[in-house]
Amino acid sequence: MPDFDLTPIMDSWQFLATGVGVTILLSLLSMAASLVLGTLLGVGRVYGPRPMQWAITFYVDTMRSIPVLVVIVWIYFAVPILTGISFPPFWSALIAITIHITASVVEIVRAGVESIREGQCRAGLALGMSWPQVIINIVLPQAAIRMLPAIGSVLSVTIKDTAIASVIAVPEFMKRAETVAAQSYQPMEVFTFAIIVYFLLLFPTTRTVDFIYRRLSHLGRS
Amino acid sequence: MTDTSPIRRAATQRPLLEYKHVRKSFGAFTALDDISLTIYPGEVVCFIGPSGSGKSTLLRGTNGLDPFDGGEVIFDGLVLPRKPSDVRKVRRRMGMVFQNFELFPHKTALQNVAIGPITVLNTDKAEAEQQAMTLLAKVGLADKADNYPVNLSGGQQQRVAIARALAMQPEVLLFDEPTSALDPETIGEVLSVMKALADEGRTMVIVTHEMSFARRVADWVIVFERGKVLEEGPPEQIFEAPTVERTKEFLGHLGWA
Amino acid sequence: MTLDWSIVWLNKGLLAEGALMTIVLTVLTMGLAVPLGIVLAFMRISKWRGLALLSQCFVELFRNIPLILIVYWSFYVIPILVPVQFSAFTTGLIALVLCVSAYNAETFRAGINSVRAGQTNAGLALGMSQFQVMKEIILPQAARRVLPILATTWVSLFKDTSLVSVIAVGELSHVALQIRSQSFRVLEMLTAMAVIYWMMGYPQAKLSDWIRKKFEVKE
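Chains as they are written, first to last, in my numbering: chain A, 1 to 222; chain B, 223 to 479; chain C, 480 to 698.
A couple of the hints might just be wrong.
Listed below are the simulated SDA-like cross-link pairs for lysine to any residue, each with C-alpha atoms no more than 20 Å apart in a straight line [as the list claims (entries may be wrong)]:
no. : chain 1 : residue 1 : chain 2 : residue 2
1   : C       : Lys-692   : B       : Asn-373
2   : B       : Lys-347   : C       : Lys-692
3   : B       : Lys-450   : B       : Gly-274
For each label pair, taking beta carbons as the anchor points, the in silico distance ranges come out as [what the hints assert, rightly or not]:
no. : chain 1 : residue 1 : chain 2 : residue 2 : range
4   : B       : Ser-247   : A       : Arg-214   : 24 to 30 Å
5   : C       : Trp-689   : A       : Ala-169   : 56 to 62 Å
6   : B       : His-475   : C       : Gln-609   : 39 to 45 Å
7   : C       : Gln-609   : B       : Lys-347   : 48 to 54 Å
8   : C       : Ile-502   : A       : Ala-55    : 25 to 31 Å
9   : C       : Leu-507   : A       : Thr-7     : 35 to 41 Å
10  : B       : Leu-476   : A       : Trp-54    : 55 to 61 Å
11  : B       : Leu-476   : A       : Leu-200   : 29 to 35 Å
12  : A       : Arg-122   : C       : Trp-689   : 28 to 34 Å
For the record, the hints were derived by calculation from the structure and aren't laboratory data. Just so you know, even glycine gets a beta-carbon here, dropped at the ideal spot from N, CA and C.
Put together the whole structure using the sequences plus the hints.
Structure (structure tokens):
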């Protein structure tokens, strides 16, 4: 077993730390955008008119069949050719990851909404609520709690997906680690360090969501 | 059934099952506190008492599924072994019926009844299934042989479970609140199957809340409270003239005057 | 903007080889990760604390780091740790197997745990051994719950094989990206790559939906 030399990590700790910042920022922005879009499309998938349901299903299944790498590369390289507008890598990655993760959120929202008994909707309608009111006040709050564990695992997928954005040189942690590894010729130290950093980022994420779910799960029962 | 004196009719024989100074606790809670009891061949013995009184815990320890902390179970003259491979040999001689039926959902009614003899006794499959068919007929479910448990009512599932226990030709049948999970309208069909088994002279130990069944079918009733035996005796004594005040109170709560 | 789609047709042989490599990687990874996942799951539920802890650490580690990092790590670090020189293909395969075994281990463990304790008791009460209970009662029931999840994992794995392109394993995305950079027909090649993935992945996604419906557990 060779010796561990941590100097390259020490020397570029600021460079690496800002990379972690970009990873977190990209993850949170993608997740937030996916939650909003996914909820809208998820509700449309269940309650929308037939053609809308088909279109959303097609979009979801397409994203289930294409690797996120392909979406990232396509958005970054092909969209500018097609539209003449080019985005910086960070924005391309944000758009691509959002498109990909939204599809997962749609499925989760659909399952969550469908798990709410019909009687709940009828009870709301019987009070004189409109359909949007029923969805916003009765269905989504109950579904949200049931969706929490699945949303938690999607958040961890999102964080992992941001590492793939390194292929279009988004200055996030994976890319920075690669750079330091290449410049220092010490890939073992740098990549092992990267494993620890990602683990410290991801493990608490999944655990926290589990914890919140256990605290709140009684609210989702019906 | 003797109708004159509270004498234990079967007590002249060698005991089939004995509990000697049995203890068990869950953390700080004492579930069984030095229980000693005897069950004779051919008897129907009912364990009654409030929830948490230890009656189910005692039954589940009988075949070592939930072993006791202290004391011993003696079955047919031999102490219940602790070694897994030995306790298995005893278990196959005891049939057990569970509160939640615990039929195997991936097997048909017939396969549920046949699986014990096939896997444990190495009975030939065709023979085991033929025997299983006879047993299903006995519990009145021959026409449901190919149904999966999910397509049977609770009462039907419990009758299949009884047939499954019978398939091992057990020397004693242990019933753990067999009707507690049933809809009221299906309780009767299960109790009448159990009554028929009692009439055959089978040894049965039944944990139950069905007081009228215990009154009618039991040879011996044991009343539990807080991990101890309050009182034991023939049903006419327990239900008509309990000697312990707490028994009266317990039966009174159940509307049994 | 002028598009020249003939570039896709000209390279059909290379693309087909890449697609085949993607399939080979998916099949081989799953073929290895299922038995490994089973071993890890049994370690996790075993009575020996050490084995259980070892399995848990493995599973939690590989579920909580990005696959692309496992790929880089395998590529750069394995050669330093062991004296054997692996090909890029083998390295990619190792990375995929490490990751997918961790997921499968969780799947199998959850499947086994999902069978109620009462079922074990019912089997034991008949006089079955622990082994017989596992074989006759637990595993057949667990299988129905495990299969749909394995199908979902399969679809994810099929997509994730694209990540070994970063260490130049010649699967579909690597091949397509190579042709792109040599021919400068960027839009055509990237779109072709997406469409080929779609054509292969879409039926698999639908098949996994079908399996999920068919094996839905009723109780």
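Status of the hints after comparison with the structure:
no., hint, verdict
1, Lys-692/C <-> Asn-373/B, "holds (19 Å)"
2, Lys-347/B <-> Lys-692/C, "violated (32 Å)"
3, Lys-450/B <-> Gly-274/B, "holds (11 Å)"
4, Ser-247/B <-> Arg-214/A: 24 to 30 Å, "holds (28 Å)"
5, Trp-689/C <-> Ala-169/A: 56 to 62 Å, "violated (40 Å)"
6, His-475/B <-> Gln-609/C: 39 to 45 Å, "holds (42 Å)"
7, Gln-609/C <-> Lys-347/B: 48 to 54 Å, "violated (23 Å)"
8, Ile-502/C <-> Ala-55/A: 25 to 31 Å, "holds (29 Å)"
9, Leu-507/C <-> Thr-7/A: 35 to 41 Å, "holds (39 Å)"
10, Leu-476/B <-> Trp-54/A: 55 to 61 Å, "holds (60 Å)"
11, Leu-476/B <-> Leu-200/A: 29 to 35 Å, "violated (59 Å)"
12, Arg-122/A <-> Trp-689/C: 28 to 34 Å, "holds (32 Å)"
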